[in-house]
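Asks: Spelled out, the chains give:
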Amino acid sequence: EAQVTQNPRYLITVTGKKLTVTCSQNMNHEYMSWYRQDPGLGLRQIYYSMNVEVTDKGDVPEGYKVSRKEKRNFPLILESPSPNQTSLYFCATHVGSGGTDTQYFGPGTRLTVL
Amino acid sequence: RKEVEQDPGPFNVPEGATVAFNCTYSNSASQSFFWYRQDCRKEPKLLMSVYSSGNEDGRFTAQLNRASQYISLLIRDSKLSDSATYLCVVNGRGSQGNLIFGKGTKLSVKP
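These protein sequences, in sequence, are chains C and R. Mapping the first sequence onto my numbering, position 7 (from 1) lands on 7, and the numbers just tick up by one. So the mapping is simple: my numbering equals the position in the second sequence, first residue as 1, plus 114.
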């Protein structure tokens with residue numbers, strides 16, 4: 001079954017404590033993205049990756065890091081989380097470029113930073 | 115002008131009603147257009163792509179007007195299960211999977 005998995009699904013943490021949200025896909029897609037969704041602001045892209053070792057900033061990259069060492073995994077790293085990073089995070093994958101293909105989203109990670 | 119703009123709703127309609135959602139986008143160079151559906155606290159899922167000639171999928175019809183930079187979604191014979199938030203999505207400035215999402219229009223179908 002085609003799948004995008006994220007872990008953890010829910011996380012409550014404190015300011016400054018480094019955390020990683022994992023994302024894994026089994027569809028062999030080259031493209032992966034991270035989004036955050038906030039009330040009244042919609043979905044905004046944080047980072048994306050076109051292939052292994054190729055990543056680039058999206059619209060709201062500040063405070064986040066990513067890595068793409070393997071095709072299937074695209075972890076999101078918050079080195080020093082702050083309360084304004086409290087949000088619902090989605091990982092997404094798609095096979096082609098230019099945003100022309102269906103994006104498959106993971107189930108989401110609800111993060112609260114106290 | 116915001117990149118992708120939608121009426122946030124909510125649209126409260128009875129079962130069986132026809133409802134239309136509109137969306138405008140600012141980037142005239144955009145080439146790809148989609149409607150995604152998002153249930154409460156769940157991930158967005160593709161409802162349908164939007165083609166220049168317009169396209170239909172069962173009770174759902176999508177239209178694109180490039181001259182006006184306008185996209186629409188029509189839902190006929192609404193079902194309770196259509197209750198969700200509908201996201202208008204357009205490919206962005208970049209070429210690498212950069213999608214711009216509207217904030218969504220919330221639909222609530224009542225018995």
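One or more hints might be untrue.
List of simulated lysine-lysine pairs, DSBU-like, C-alpha gap at most 35 Å [claimed, not checked]:
1. 116/R to 57/C
2. 193/R to 57/C
3. 159/R to 65/C
4. 71/C to 156/R
5. 65/C to 156/R
6. 71/C to 193/R
7. 193/R to 17/C
8. 224/R to 57/C
9. 69/C to 156/R
10. 18/C to 65/C
11. 116/R to 220/R
12. 224/R to 65/C
13. 71/C to 159/R
14. 159/R to 57/C
15. 220/R to 69/C
Looking from chain R toward chain C, a few residues come up when the C-beta cut is under 10 Å (computed) [what the hints assert, rightly or not]:
16. 120
17. 125
18. 130
19. 133
20. 134
21. 157
22. 167
23. 168
24. 169
25. 190
26. 203
27. 224
Hints in this document: simulated from the structure, not taken from any laboratory. These numbers come from a predicted model, not from an experiment. Each residue gets a CB set at the ideal place from its N, CA and C atoms; glycine is no exception.
Asks: Starting from the hint list further up, note which numbers the structure goes against and sort them upward.
Replies: Structure breaks hints 2, 6, 7, 8, 12, 15, 17, 18, 19, 20, 22, 23, 24, 25, 27.
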